[in-house]
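If you want the building blocks of each chain, they are given just below.
Protein chains: 2
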Amino acid sequence: MGEEKYIYDFEEGSAEMKKLLGGKGANLAEMSNIGVPVPPGFTITTKACIKYMENGNKFLDTIWPEVLRHMEKLEVKTGKKFGDEGNPLLVSVRSGAPISMPGMMDTILNVGLNDETVEGLARLAGSRFAYDSYRRLIQMFGSIVMGIPREEFERLLEEKKKKYNAESDADLQVEALKELVDDYKKLIKKKTGRNFPQNPLEQIRMATEAVFKSWNNRRAIKYREIHGIPDDLGTAVNIVAMVFGNMGFDSGTGVAFTRNPATGENKIYGEYLPNAQGEDVVAGVRTPMKIDELKERHPNLYRELIGICQRLEKHYRDMQDVEFTVERGKLWILQTRTGKRTPLAAVRMAVEMVEERVISREEAVMRVSPEDVEKLLHKQVDPKTKKEVIAAGLAASPGAAVGKVIFNSDEAEEIGGNEPLILVRPETTPDDVGGMAAAQGILTARGGMTSHAAVVARGMGKPCIVGCEAIKIDLEREEFRVNGLIVKKGDWLTIDGSTGEVMLGKLKLIEPTSTPELEKILGWADEIRVLGIYANADLPPDIRKAVELGAEGIGLTRTEHMFLAERLPIFQRTILAETEEERRKVLLEELKPLQKEDFKEILKITNGRKTIIRLLDPPLHEFLPGLNDLLVEVTRMEAKGKVGKELEEKKKLLKKIEDLYEFNPMLGFRVCRLGIVYPEIYEAQVRAIIEAAVELKKKGLNPRPAIMIPGTIHKNELIELRKLVEKVAEETFEREGVRVKYEYGTMIEMPRAAITADEIAEVTDFFSFGTNDLTQTVMGMSRDDAERRFLHIYIDKGILPENPFKTLDTKGVGEVMRIAVTKGKRTNSELEIGICGEHGGDPKSIEFCHRLGINYVSASPYRIPVARLAAAQAAIKYKYGELTKREIEAMEIPVKR
Amino acid sequence: MGEEKYIYDFEEGSAEMKKLLGGKGANLAEMSNIGVPVPPGFTITTKACIKYMENGNKFLDTIWPEVLRHMEKLEVKTGKKFGDEGNPLLVSVRSGAPISMPGMMDTILNVGLNDETVEGLARLAGSRFAYDSYRRLIQMFGSIVMGIPREEFERLLEEKKKKYNAESDADLQVEALKELVDDYKKLIKKKTGRNFPQNPLEQIRMATEAVFKSWNNRRAIKYREIHGIPDDLGTAVNIVAMVFGNMGFDSGTGVAFTRNPATGENKIYGEYLPNAQGEDVVAGVRTPMKIDELKERHPNLYRELIGICQRLEKHYRDMQDVEFTVERGKLWILQTRTGKRTPLAAVRMAVEMVEERVISREEAVMRVSPEDVEKLLHKQVDPKTKKEVIAAGLAASPGAAVGKVIFNSDEAEEIGGNEPLILVRPETTPDDVGGMAAAQGILTARGGMTSHAAVVARGMGKPCIVGCEAIKIDLEREEFRVNGLIVKKGDWLTIDGSTGEVMLGKLKLIEPTSTPELEKILGWADEIRVLGIYANADLPPDIRKAVELGAEGIGLTRTEHMFLAERLPIFQRTILAETEEERRKVLLEELKPLQKEDFKEILKITNGRKTIIRLLDPPLHEFLPGLNDLLVEVTRMEAKGKVGKELEEKKKLLKKIEDLYEFNPMLGFRVCRLGIVYPEIYEAQVRAIIEAAVELKKKGLNPRPAIMIPGTIHKNELIELRKLVEKVAEETFEREGVRVKYEYGTMIEMPRAAITADEIAEVTDFFSFGTNDLTQTVMGMSRDDAERRFLHIYIDKGILPENPFKTLDTKGVGEVMRIAVTKGKRTNSELEIGICGEHGGDPKSIEFCHRLGINYVSASPYRIPVARLAAAQAAIKYKYGELTKREIEAMEIPVKR
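Sequence lines, in order, name chains X and A.
Heads up: take any position in the first sequence, counting from 1, add 8, and you land on this note's numbering.
Heads up: take any position in the second sequence, counting from 1, add 8, and you land on this note's numbering.
One should not assume that every hint holds.
Identical chains share a label here; the pair holds if one copy fits it or two copies do between them.
What the hints assert, rightly or not - Derived SDA-like pairs (lysine to any residue); straight-line CA-CA distance at most 25 Å:
{"id": "1", "residue 1": "K412", "residue 2": "L860"}
{"id": "2", "residue 1": "K650", "residue 2": "D482"}
{"id": "3", "residue 1": "K660", "residue 2": "L635"}
{"id": "4", "residue 1": "K658", "residue 2": "E641"}
{"id": "5", "residue 1": "K497", "residue 2": "P110"}
{"id": "6", "residue 1": "K660", "residue 2": "N491"}
{"id": "7", "residue 1": "K664", "residue 2": "H800"}
{"id": "8", "residue 1": "K608", "residue 2": "R644"}
{"id": "9", "residue 1": "K660", "residue 2": "R232"}
{"id": "10", "residue 1": "K831", "residue 2": "H460"}
{"id": "11", "residue 1": "K338", "residue 2": "E838"}
{"id": "12", "residue 1": "K221", "residue 2": "E124"}
{"id": "13", "residue 1": "K528", "residue 2": "T271"}
{"id": "14", "residue 1": "K348", "residue 2": "R859"}
{"id": "15", "residue 1": "K593", "residue 2": "G134"}
{"id": "16", "residue 1": "K658", "residue 2": "L638"}
{"id": "17", "residue 1": "K13", "residue 2": "P627"}
{"id": "18", "residue 1": "K55", "residue 2": "K186"}
{"id": "19", "residue 1": "K618", "residue 2": "I15"}
{"id": "20", "residue 1": "K887", "residue 2": "H460"}
{"id": "21", "residue 1": "K193", "residue 2": "V594"}
{"id": "22", "residue 1": "K412", "residue 2": "E728"}
I should point out that these hints are in silico values taken from the structure, not numbers from a laboratory.
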């Protein structure tokens, strides 16, 4: 046991020794090793901590002589002396577990100060600084090491501030601080019966024991329990020499980024404040100089700093955020870490580092986050702008928009492009689509992430906030109220669809910037990714946009809109028709020719790309007026004694709507149930698709339609409808003398379809997971109702980790998908499998899809670039055993034991 | 090949040789072997058929000499001669596959008749009979063997009837029949160019070939395809001597049941008609005598018949339905089969046969069907009564009821027991419960099998029909219309809740009869079954009834009713409360004491039996007035210009109801989501349960409460609520100084709960499958909406085999259950698993539950006896490799290859 080494000088360690030296110790050692001047110090290992705990908190005695030896070496290295009044060595005592763990003791600074050394420090750095440092030491030591509640010290501090009329701590002058030191010492004596230790070595010893003990305090144990961190790792203790930047004008402190964190430019960037400590920079009393200025003023220092920064960047292979202090002309690096950066900078750095052969393409792809891409592709509120948020709703479609408030969609359409508008509605319906298109952004008081407003806005790539229940809209007065504020028509409003925030006024926005570097990154992503990227897009402009943004095919074309607008009255006639014959006639003779033109336009744009067309999906009552509105209208007419044909017709319609009323439309007469009960509806659609494809083929194009059946629960549905599709297709091919290849597949969006996927795969060419509905049925949770009523409470209480409609619930819904994939491939090895729910654009969900081994994800057009990147990242993670080295290093939480 | 035996005399075969001799041949052989006098004959084997097909329909030549030899033996046995004018032997040619198969040729009678032998038959049995037999032979032979459409013969027959003014076939006299024979022969010549074969051997040969060929006719192939019967089995051909009961008064024909099929009494029962053929009995021209009368008139015959009947019953070990013919004093048994019987008889015979040591208890249990038990326990419309069905709805609660129509529940309650009533409502609400209790039966125009009316009626054991959409109720006029008929208040109505039929008038009902024999059968079932039988029952009388009917525990006590009736206004105050404090106060101080009394009463009745209490489940808006009604009311008041406090209050309530409105309440804010968001609701319930249990325990009782959380989707819900339950329980136990054992479990009714059952089982003591909701979510199908809108079409079209809300969808929902059972037991081997959905009372579903290896099924009280029997039958089937020998014998459709 005596042989074992329990203490390592920084020079003896390395980054790989995290388990023994803790994260902090290993990093300090690493920097030492590459020749970076870090303040000297040493690490008492985790093994010492473990022994200490094993021996009933008594092991420290055994290694104490060793600690003393290392302290002596430290004195030699720094040329200072511990406890020496003339040139006192001060140290910080820092805990550092192998895995960073809030809840444990963190750091005690200025250890070594006592009634004598404080005077030495005063001479070197000024009295105010010295006594402030001393009172801070006593305060931290008293509370952390000696167990006195922090509030007791705070109380004394407050009293002192009151006494001296000081506004902040910084306003307390030497006299007051000296008094405070006395008060603190008395408090310690009173509460513990012991004096604050004047012996600096005693301070180290007590602080080290406190660190060891903090490993087993309640918060730390709880944290380990939650995150599955083993209890037997122990923590290390780092003893580091303090350096001071406020020892005159040959001293100072600063921060440097190795590249420009805003633009990504490969040029050092940062600030320096002479004769100051870090906290002076934070306090903002003096204005620091730009790092560039050092070049002139302290050329040697500048050269050394540049050299170190380059070394650090090269070593850590990423832009570094470096904290440094100069003590009497000597440069010390206190900390280096990967620097935060803007999305623009992230992309530029990643690309340039590949070109500089610093990192690989894969690493570059990992360096840009999906959020970065999203931000680059949408307008953003300038982060420098001060913003006052007046309300928040669901972030339904990303990007920021500024415009004048308008409540009426028709009016918005009239104004058109002449003025920037924000359309504010209780909720939107198909009637609002024109107004939505004319506005810069949309804000609704009701609705969830799959509400009409949300879905349409995402399709249009327009910023949108939904379910912003705080705003109370008065359509008649054309205003809304929010927390006592009244916002009227014409007032300027800014909305941020990426955060859900609503702000009054006309905030400054940053334009989206697709740089050549971004194109490069996405190109690399395309080379790397395995998942195909398809788009959910219904209308020709959206489909065109999707192809432009890199969609390889269309994973979901909804056909609902082909029954709306000017065609709605025609379709309503089929719903109200008394006989099948009547219904067939209207569908095939009136609607089919119009829809054929729709499909021709779509298949022309997607020429050569697979285009999955979903047959009619929503319940029929969605194509009729709302029950409540009509009920109110009829009641009002009757109460006012009206009679006549109009009332009778309305009553008849009301009756029909009541007949079609469903208690749970989500679980009702919709999806392919429509096609089974009214085959003529699907027949008309299939005829339109096949005829459109045949016409294009005749013109030499390459249409690739795939017909998708929604909401199946039983293979028999698919067999029945396949017969219909084949019959129509064969008839058309024979009549026209041209054959077109088409595929036939189904959505997997009900649990039963997934559970019986083996049977279903036998009669289909492809599956497309409708993860929205699948989440709703697997979790028994209607999205609109859940988001409005209880989902936020579930997330707040930690019952659900995330909104399952945003990020796939992999344990539940994902497991159902896994069953479907396994069973489906078992009976049909050629089966193509994709996903076309909202999750298709969510990076975490895309990662899950990659692991599931499906063929593609389909996302709304403006999410395509994000999806391309996320798919590549998933492939890289998978390739390197789930996580890259960089991620493992950055990882704070290990996988559960 | 010459060695192989292709023909077996009946004496040579046995019941086990079905594959070779076909079902019919093997049975005739079996009877021969046990000494029953069956008409002599032989069987051409299936192997002959197979060879015939293999050799391109040519094999018959090879065995023809053998056929001739067997015909000669037949002549010897019968003392008649084939083709002989004086004493002609006639035979029937019958097909008989190993598995009975409609779609193949069946039987040709009277083969051997020609222009000469018909005269011989005329002398023996009369000219009319002889020529009628002849024309029938030609007709059958012409159509089946020679391929002339049956209609052509029918046309000639009709012409003849017209010519002779004959009303029916039986009115045609000899002359007409002779003409018909000529016409038929001409038709054959004209259509085929061949004559009807006068050579009797040629008749046999052609008929045999026709049987062989019929194996591969379209209908037969289709049938085999559907039922998975192998194509290479082939069919046998039976040649059987004809016997005639119309050869004078020493001849006759009859039917005998070996026991009384109506009462089960062990005494022969049947009818005999002298000098007659079977068809005379069917025609009903003469009245047959009771078998008993034979005792006096033909004592020898009677004795012989009794002997044979006893032998047959003993041999087949079940009551037989025996067809016999006496030809000139000689008794021939034509057929025996297991006799149909009334439920009453089935039970009595089963019990008595056990006592007679004929069958085992297990067999007795298999002999009674669950439907038998159900019929015995409910009033039935007397099957002898002529009934005119005026409408049909969903058979929601079994049994028949007669009463006067009443539309108003309050009025029904007033009349109370003074008059039999049928309560007719558009649908029922908790306000109607009193009226329902007072009525004999309930009929509603709307609602599905889980509607309020259906659930409450089943709980009360009261006949009920729901969703009878054909009836149009006019509550103001107190009448309903159905197909032009008007039924007014006070009119007599009969409803059959077992069939869903509604009949006008006061039909005769049969009273339910629980006999000592039924008790015995159920007792044996209890010994045999493995599944526990629990009850779904909420109110004390229902719970008492359930225990009386054999429930071993309560699998589901819903607590909704404890918030209704006079407590509704109190609970509404909590829903409308602005603060948690206000809500807590009302719940704990006002509602809890009342509910504690409820639970005391319940746990007193179930003393010693496990009692699973489900915490509040339905969405809160169910406790408030309906949105539409209030909307109409407010609109009307406003339109009429009303103002004032009442309107304002109503508007405020309307606002709240609109706030609580959900698009899909089934997937909304309900089940344990209520308890997570408003813990005070569950806390009040748990306090009431635990305090009630503690009080009973103090009185020396043995309360066994189990607290069940509805609709969980995530273990975190259960962890959170378990904390609440444990806290309340511990507080109470400590305060009261008494501890009560209680269990904590959850419904598994959402797919996610099943999929993550391993996690959920770790924090629960039991699972109870809520198969209603599980079916709804797994299939994405709201029961009410589906049954109203499309489910019947799905079943009609064969897309779904059955209503999945009645019989478990084992492939989909059942597979999800299997996953839950497997995963649940993996992490908690002590886990108790049951089912408390509607399926708990459905025999097929109970069988599935047995195979799944769960612990119990829970059914509504009046289904308990059915469930006890079904559970025993499932255990027996499972024990004997799924099917009993008897079932295998009775089986007509084999398991798919």
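Against the structure, the hints:
Taking the closest pair of Cα atoms, K412 and L860 never come within 25 Å of each other, the shortest separation being 46 Å inside a single copy and 63 Å across copies. Only between protomers do K650 and D482 lie at most 25 Å apart by alpha-carbon distance; the minimum there is 23 Å, versus 29 Å within a single protomer. When the C-alpha separation of K660 and L635 is checked against a cutoff of 25 Å, the pair qualifies both within a copy, at 12 Å, and between copies, at 21 Å. When the C-alpha separation of K658 and E641 is checked against a cutoff of 25 Å, the pair qualifies both within a copy, at 9 Å, and between copies, at 19 Å.
Proximity of K497 and P110 under a CA criterion of 25 Å is satisfied in neither setting, with 49 Å inside one chain copy and 77 Å between copies. Within a single copy, K660 and N491 get their C-alpha atoms only as close as 43 Å, which misses the 25 Å cut-off; across copies the closest is 20 Å, which meets it. Proximity of K664 and H800 under a CA criterion of 25 Å is satisfied inter-copy only: 20 Å between copies versus 37 Å inside one chain copy. In this assembly of identical chains, the alpha carbons of K608 and R644 never lie at most 25 Å apart, being 46 Å within a copy and 51 Å across copies at closest.
In this homomeric assembly, K660 and R232 never come within 25 Å of each other (Cα to Cα): the closest approach is 66 Å inside a single copy and 50 Å across copies. Taking identical chains as interchangeable, the C-alpha atoms of K831 and H460 are never at most 25 Å apart, the minima being 34 Å within one chain and 39 Å between chains. When the C-alpha separation of K338 and E838 is checked against a cutoff of 25 Å, the pair qualifies neither within a copy, at 68 Å, nor between copies, at 70 Å. Taking the shortest alpha-carbon separations for K221 and E124, neither the intra-copy value of 29 Å nor the inter-copy value of 120 Å comes in at or below 25 Å.
For a Cα distance limit of 25 Å, the shortest separation of K528 from T271 inside one copy, 17 Å, qualifies, whereas the shortest one across copies, 89 Å, does not. For the homomeric pair K348 and R859, neither the shortest alpha-carbon distance inside one copy (29 Å) nor that between copies (60 Å) is at most 25 Å. In this assembly of identical chains, K593 and G134 lie within 25 Å of each other by CA distance neither inside one copy nor across copies; the values are 96 Å within and 63 Å between. Within a single copy, K658 and L638 get their C-alpha atoms as close as 8 Å, and across copies as close as 20 Å, so both meet the 25 Å cut-off.
Proximity of K13 to P627 under the C-alpha cut-off of 25 Å is found in neither arrangement, the shortest distances being 74 Å within a copy and 66 Å between copies. Taking the shortest alpha-carbon separations for K55 and K186, neither the intra-copy value of 40 Å nor the inter-copy value of 117 Å comes in at or below 25 Å. In the homo-oligomer, the alpha carbons of K618 and I15 never lie at most 25 Å apart, since the shortest distance is 65 Å inside one protomer and 63 Å across protomers. Neither within a single protomer nor between protomers do K887 and H460 lie at most 25 Å apart by alpha-carbon distance, with minima of 39 Å and 56 Å respectively.
Taking the shortest Cα distances, K193 and V594 never come within 25 Å of each other, neither inside one copy (93 Å) nor across copies (54 Å). Proximity of K412 and E728 under a CA criterion of 25 Å is satisfied in neither setting, with 53 Å inside one chain copy and 46 Å between copies.
Checked against the numbered hints listed earlier, the structure breaks hints 1, 5, 8, 9, 10, 11, 12, 14, 15, 17, 18, 19, 20, 21, 22; every other hint is satisfied.
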